[in-house]
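Asks: Assemble chain B onto chain A, guided by the hints.
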Amino acid sequence: MTGTNEEVWHLPPRAVLLAAILLLLAAEVGGASMGRYKLELARWARAEMQARPAVHGLVGVRDVDERILDEAIFRVDAGLRLFHMHAEGMALVIIATTTVAVTLARRAATRRALLLLLTLGGIGYPLGYLLWSVLIPTLGIERGKALAERLLWLPFGGATILGLAWLSALIAVRMARR
Amino acid sequence: MMRATLSVMLLAVVGATQAGAHHTGVYAPKDNAITTNFRDVKFSVQAGKFDVALRRFDEGPLRTEMRARAASLPAGLEARTRAALEARDAAGVEHGLMTFFLALARDLAREADHQLAAAPSAPAATAQRFLEAIWRYYNLVDFAVSQRHPSTSTAMRLAYDEADSAVRAAPAVDTTRLRPTFRRIAEILSRAAPLQ
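Just so you know, the sequences run in chain order A and B.
According to the numbering used here, the first sequence holds residues 1 to 178 in order.
According to the numbering used here, the second sequence holds residues 1001 to 1196 in order.
Among the hints, a few may not be true.
Below, computed lysine to aspartate or glutamate pairings styled on EDC-like, alpha-carbon distance capped at 20 Å [claimed, not checked]:
1) A:Lys145 to A:Glu71
2) B:Lys1030 to A:Glu88
3) B:Lys1030 to A:Glu66
Keep in mind that the hints were calculated from the coordinates and are not lab data.
Only a predicted model underlies this, so the values are computations on that prediction, with no experimental measurement involved.
Pulled out of the complex, with its shape left as it was, chain B reads as follows:
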């Protein structure tokens, strides 16, 4: 009897292990180098440590990216953002960073529209990934946008929801429905800041 009882206990443990075994892990998206650097600068500014923020900005990929994308950004954005950090102007820094991330998201929306035009039968996953990337950048500055341009923040959320539901509706992209939403996102983001 003892042997059988021990066996039952063993099987209960093994069975429980086996039942929960077939999983493949949960992926939690990470920040990229630019968004990590943005958070460093932002939190340093919020803590009033402008010297730390300036050092992070000078040495980080955020500034490098601003320089690399200078042609598609408002003239002098990188210099203005740096000057705001030196002047301990938190609002100026926030505006500079907001403008930069809106530009990144806008460029992604334009690129998505461009790629969907080139490949109308693209899988929905392609549009979904563009949408995720746009939201990842926009979401970083949504609070700043909503304080400065509340109607833009609302319009952006509505446009995102519309694009998201269009992407989820079918396995293949409905370009007639999706391309206008990406164009609208690009337009909304361009209006939110003096972008080129």
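Same shape as in the complex, but just chain A:
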């Protein structure tokens, strides 16, 4: 894999592979915990929300509040599911795209920048879903989403998109030169 032949794939650095494997591990542990502690998580979310009626717009009428609580608990669960799914997917994406990057990028600076964008972006983006789930009971669905967006989805998702666009351009240039 690391020979001198131009048509040989190169392995990404060990730190990148380790980060991807840890993300995959977090996804699996998250998925298993979500199934195992589903009831406990729902109870915790409900108790936290009931302790903050103003945040969630609870009005003290069961027929109205049940729907609000049900939606918020659904969103908490959806956030955990999406974290599980995206973390699994992005771990594999990190491995695949960084393999392409180290193989095709000739300049060391370009290679380093691509590895950084793709690895950090790939790790940070799925964590946004986890953060959103944790924030919903205390901040509400929309405020939690806005914070997760600002802190994780936009910067890390942006880094991944930038890394992918850069990598695509690099491949296009390499193909055009042949």
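Replies: Quick look at chain B alone, frame taken from chain A:
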């Protein structure tokens, strides 16, 4: 060339995944225990399985709720509904259930008016949620209402639309516009059945 082509294919797949990735799920509101039990009873009656309907009614939260709210319901509603089930009287059962859900929706409209009076600067979301809850109950019996009281069904739809557009008009509640619509909804629902 082969390596570059494979890379392009990989990026196309990853890019497509990433583009559609930032979603947060779609929430589909579920029935609560009372509306679920209502559907059980209703469909059993429609299928002519009154014994099943009676069992569902006796064991379900619908009857428990009827008893709990007895003070705000027409006297003997729960007993009459049960008697209609025993007598295999589908129309009687439908009337009993319709009366009950109209009462639930009416009480919500009254409560919304009461809460808006207490907090005139309440967010529009509060009024919106009351409105959704009212419609959720009313919608279950709208067909029965429209058969018995067509003008009430029309009036209710107009009042709901008016309240809905008032709620959507601004981020904060316009109580001068909204409270009368909630009062009108309560009045319309009270007229539709002999409620207290």
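Asks: Confirm or reject each hint.
Replies: Now for the hints, and whether the structure bears them out:
1. A:Lys145 to A:Glu71: Holds, at about 14 Å.
2. B:Lys1030 to A:Glu88: 29 Å, violated
3. B:Lys1030 to A:Glu66: Holds, because 10 Å separates the two Cα atoms, which is no more than 20 Å.
When held up to the earlier numbered hints, the structure conflicts with hint 2 and nothing else.
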